[in-house]
Amino acid sequence: MKQRLQKLLADAGLGSRRGCEALIVEGRVSVNRRVITELGAAADPDRDVVALDGERIRPAPKMYLMLNKPPGFLCTSRDEKGRPTVHRLLKGVRGRVYTVGRLDADAEGLLLLTNDGDFAQRVAHPGGTVGKTYQAEIRGALDSKGRTGIERGIVLDGRRTLPAEILREDPVDGGTRVLLRIREGRNRQVKRMFLSVGCPVRRLRRVAIGGLVLGDLPRGAYRRLERKDIQKLFAGAKPPRGGGR
106 MKQRLQKLLA DAGLGSRRGC EALIVEGRVS VNRRVITELG AAADPDRDVV
156 ALDGERIRPA PKMYLMLNKP PGFLCTSRDE KGRPTVHRLL KGVRGRVYTV
206 GRLDADAEGL LLLTNDGDFA QRVAHPGGTV GKTYQAEIRG ALDSKGRTGI
256 ERGIVLDGRR TLPAEILRED PVDGGTRVLL RIREGRNRQV KRMFLSVGCP
306 VRRLRRVAIG GLVLGDLPRG AYRRLERKDI QKLFAGAKPP RGGGR
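Residue numbers for the sequence shown follow the working numbering, beginning at 106 and rising by one.
Just to be clear, a hint being listed does not mean it is correct.
Cross-link-like lysine-lysine pairs, in silico, DSS-like; alpha carbons within 25 Å at most [unchecked claim]: (1) Lys186 / Lys196; (2) Lys196 / Lys107; (3) Lys296 / Lys167; (4) Lys250 / Lys186; (5) Lys196 / Lys296; (6) Lys167 / Lys196; (7) Lys107 / Lys186; (8) Lys112 / Lys333; (9) Lys112 / Lys196; (10) Lys186 / Lys112.
With beta-carbon atoms standing in for the labels, derived distance ranges [said to hold, decoys possible]: (11) Pro166 / Val318: 21 to 27 Å; (12) Arg286 / Arg133: 45 to 51 Å; (13) Leu261 / Asp151: 33 to 39 Å; (14) Arg329 / Leu272: 26 to 32 Å; (15) Arg133 / Arg227: 18 to 24 Å; (16) Asp248 / Ser182: 29 to 35 Å; (17) Pro166 / Leu261: 35 to 41 Å; (18) Arg199 / Leu272: 36 to 42 Å; (19) Arg329 / Arg139: 33 to 39 Å; (20) Asp334 / Glu131: 22 to 28 Å; (21) Leu272 / Phe339: 18 to 24 Å; (22) Arg133 / Arg307: 35 to 41 Å; (23) Asp278 / Asp248: 18 to 24 Å; (24) Arg307 / Gly200: 33 to 39 Å.
Since the hints were derived computationally from the structure, they do not count as laboratory data.
Built from N, CA and C at the ideal position, the CB exists for glycine as well.
Using the sequences and the hints, build the whole thing.
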């Protein structure tokens, strides 16, 4: 799959995206022995020979990580305001990885990170192929109308959400803990769905993606995914549907 050259260089650990753009403009990068100076150029790391100063760049080994994200961390590589990001938690990880989708800063739970774009696209496909399971602590309790709305779909930004599954409801102090599975990843979707039925979310935790469960992974810790984990992840995935985010 073709990628922008600056992204390909950055993924290989040759600097920041901006720094890699400078390498291209300076004429130090070639594709199939042809010097490239245009920032819009792209190459396929599996088919094309990409070189820096005449030395071939090898694609970085594929990495697949699961992290138990604590609240208060941003799902970005850096923050101009100096706020903590999830990358601070990845001690010992060499090379660049990116989050597969996002969790809000105040949300917590299962977060995937990878340098495999095809894998990330498959997990986060807007057609809802892989379900995401959340534990949402809401204020109050769902009435029958609110429950039906969430299960059948709620209109957000002019589009109805895909049907959600309410798996369990348990009373907690002044509210309800709801176990919910959705098959989309719109911006702040779970919070907005509950807010639209009059039940603001007090705490949100993602506990599973597909068949991959967070389990007892400590808060702030990560581990590498094994082949069996990836198989669990896609177990029961539905065929892609049309539409986008």
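Hints versus structure:
1. Of the supplied pair hints, the one linking Lys186 and Lys196 holds, its CA atoms being roughly 21 Å apart against a limit of 25 Å.
2. Distance check on the hinted pair: Lys196 and Lys107 sit about 30 Å apart at the alpha-carbon level, beyond 25 Å; violated.
3. Taking the CA atoms of Lys296 and Lys167, the gap is near 33 Å; set against the 25 Å cutoff, the hint is violated.
4. Between Lys250 and Lys186 the alpha-carbon distance is near 42 Å, which puts this suggested pair outside the 25 Å criterion.
5. Restraint check: the Cα-Cα separation between Lys196 and Lys296 comes to about 31 Å, which exceeds 25 Å; the hinted pair is violated.
6. With a CA separation close to 17 Å, the supplied pair Lys167 and Lys196 stays within the 25 Å bound.
7. Restraint check for Lys107 and Lys186: not satisfied, since their Cα atoms lie roughly 33 Å apart, outside the 25 Å limit.
8. Taking the CA atoms of Lys112 and Lys333, the gap is near 29 Å; set against the 25 Å cutoff, the hint is violated.
9. Restraint check for Lys112 and Lys196: the C-alpha separation of about 22 Å stays at or below 25 Å, so the hint holds.
10. Our distance criterion of 25 Å between C-alpha atoms is met by Lys186 and Lys112, whose separation comes to about 24 Å.
11. Between Pro166 and Val318 the beta carbon distance is about 26 Å. The supplied range of 21 to 27 Å therefore holds.
12. One distance hint, 45 to 51 Å for the beta-carbon pair Arg286 and Arg133, holds here, with the actual separation near 48 Å.
13. For Leu261 and Asp151, the hinted distance range of 33 to 39 Å is satisfied, since their beta carbons lie about 38 Å from each other.
14. In this structure the hint that Arg329 and Leu272 lie 26 to 32 Å apart at CB holds, the actual value being about 28 Å.
15. For Arg133 paired with Arg227, a C-beta distance near 34 Å fails the hint of 18 to 24 Å.
16. Taken as a hint, the range 29 to 35 Å is violated for the pair Asp248 and Ser182, whose Cβ atoms sit roughly 42 Å apart.
17. Between Pro166 and Leu261 the beta carbon distance is about 39 Å. The supplied range of 35 to 41 Å therefore holds.
18. Distance hint check for Arg199 and Leu272: the Cβ-Cβ separation is about 38 Å, which falls inside the suggested range of 36 to 42 Å.
19. For the pair Arg329 and Arg139, the beta carbons lie near 37 Å from each other, so the given range of 33 to 39 Å is met.
20. In this structure the supplied range 22 to 28 Å is violated for Asp334 paired with Glu131, their Cβ-Cβ distance being about 41 Å.
21. Taking the beta carbon of each, Leu272 and Phe339 are about 20 Å apart, inside 18 to 24 Å as hinted.
22. In this structure, Arg133 and Arg307 break the distance hint of 35 to 41 Å, their C-beta atoms being roughly 52 Å apart.
23. Taking 18 to 24 Å as the suggested C-beta distance range, the pair Asp278 and Asp248 conforms, at roughly 19 Å.
24. Separated by about 37 Å at the C-beta atoms, Arg307 and Gly200 satisfy the suggested range of 33 to 39 Å.
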